[in-house]
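Hints are included, so try docking the two chains, each in its own frame, into the full complex.
Chain residues, written in single-letter form:
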Amino acid sequence: MTPLTPAVFDVLLALADGERHGYAIMREVSVSSGRLMGPGTLYGTLKRLLEAGLVEEAAKREDPELNAERRRYYRLSEQGKLAVIEEASRLEALLRAARSKALLRTEA
Amino acid sequence: MTLSERLYGLLLGVFPSSFLAAYREPMQQAFRDQLRECAGGLARLGLWAHTLRDLAGSAAAAHVREGTLPALVGSGFVYLLAMAGTLLLGRLELHTDDDGVVVGFILAGSFVLGCLRPRRAWLWSCFGLCVPLVDHVWATPQRPAMGAGGTALLAAFVLFVGSVGSWSAFLLRRMARS
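Chains as they are written, first to last, in numbering that gives the first Met the number 0: chain L, 0 to 107; chain R, 0 to 177.
With the rest of the complex left out, here is chain R (with noise of 0.2 Å):
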């Protein structure tokens, strides 16, 4: 299976359960049928470009069919006022030495995230990503970013808490459940 066929199957995870459990083997066979026909980076660029469309369009039309779009905008809403406190938070707790606050509320803040929603565990451990992130767009020429090497690892130390805070809570969730 090639790079882009993998992250087509990804992808397909915005359409609902119940629409990929009859369609996702089909869908991933046409896709690599276009895979086949595309001749060279420019072509497989261009059909990349169509099939993010596509898949914008056609998976928000399957969450309406479906009744799941307010389970989809409820996340994507939860998500979003996540990311805007981690921001805030990066901008005023990033560079001072108080590391400790920004841990506690990426551990918190991924760990309330996955008791609401722990299906989406994954989505909710990158939720400290926005700290290095925030490094680079606010960065100024009197607090120049950090090099790469030290954003790789930022992003991997704030990926690991994230992980440890989404997945515990889906964990218990799972351990409450049985």
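Chain L with its partners taken away, still in its complex shape (with noise of 0.2 Å):
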């Protein structure tokens, strides 16, 4: 399988612990990787992943925290979790790759 494109993985890794609409995916991609998302690029990203099979969409609904508006919300399909967790391993093997080389400090 080939590498997934930096927003990609962001959006499935946002979605792999659950359904989230997409201001909720914005604000887990901002904490788990520190790249901001606008709306653009996330339903971009969204309206290919649904293409592909990887996310579903799910019911509309409100979210309690944020107001009374009723949102979409999306969730990884199995093919989504088996590709988040094919490229989190890809990405881990390269990590020891590069701790293997002193590139980055070993975990303790």
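No wet-lab data here; the hints were simulated from the structure. Note that the structure is a prediction, hence the values are computed from the model and not measured. For glycine and all other residues, C-beta sits at the position ideal for the given N, C-alpha and C.
Among the chain R residues that face chain L by a calculated CB cut under 8 Å, a handful are:
| hint | residue |
| --- | --- |
| 1 | Pro25 |
| 2 | Met26 |
| 3 | Phe30 |
| 4 | Asp32 |
| 5 | His49 |
| 6 | Thr50 |
| 7 | Asp53 |
| 8 | Leu54 |
| 9 | Gly56 |
| 10 | Ser57 |
| 11 | Ala58 |
| 12 | Ala60 |
| 13 | Ala61 |
Chain L stretches covered by chain R per the calculated footprint, using a threshold of three residues with CB under 8 Å from any CB of chain R:
| hint | segment |
| --- | --- |
| 14 | 29–38 |
| 15 | 64–72 |
What follows is the structure, given as structure tokens:
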């Protein structure tokens, strides 16, 4: 499998622990990767992931933490879970290689 | 709805219509959420800087994926050519008493552009705004630019002339189709 783009991996990772709506994905990406993701990039990425069958759309509902607006929620499909696990394993292998070359500190 | 939300809604027009049909509403909702969390003018400025970068990159990518890039580039190219023509005309004619030539050119140019791409009539109506722009771009101490009032008046006038040209083309195309 070809490596996922950073935006695709960020979105899949954000959805790894459950359903989220668009803005919650953007916030999660910002926390986990430190990257700011705008609505254009997010929905462009979600569209591709929906078409590829890696993400599914869940029912619209309100987010009690935000306001009474109904929001579209998204979740990982089985294929999406496999893809994010595979990519995380690939990145882990790369990290191990980087550590073995003393490019990174080894974890205690 | 705040001014920022309105502006963002307008800027979404750069995306392909098929993309907007599905994602306009959630994109506006996400932008609204971002705005809500921005405290202070500086944070809003930062958000806008990031939003403009995001829109430019993601709209171009969406046009490539949806196969609408050639039409977009075509429109952009035609518009750039028209602007260059108007700038040249403004440079040559603006300070003569031959205002009729400029008006005729704006009218004809916006009409032709409106015929070619009627969906962008709103854009073609701005066709003549290069004329007041030229006045400022090529201002010299010997030939100073107009004051703010004069510029606003001229801008309103060329906008009106351009609108007449482009929207009449739009209406004619619509009538021809029906």
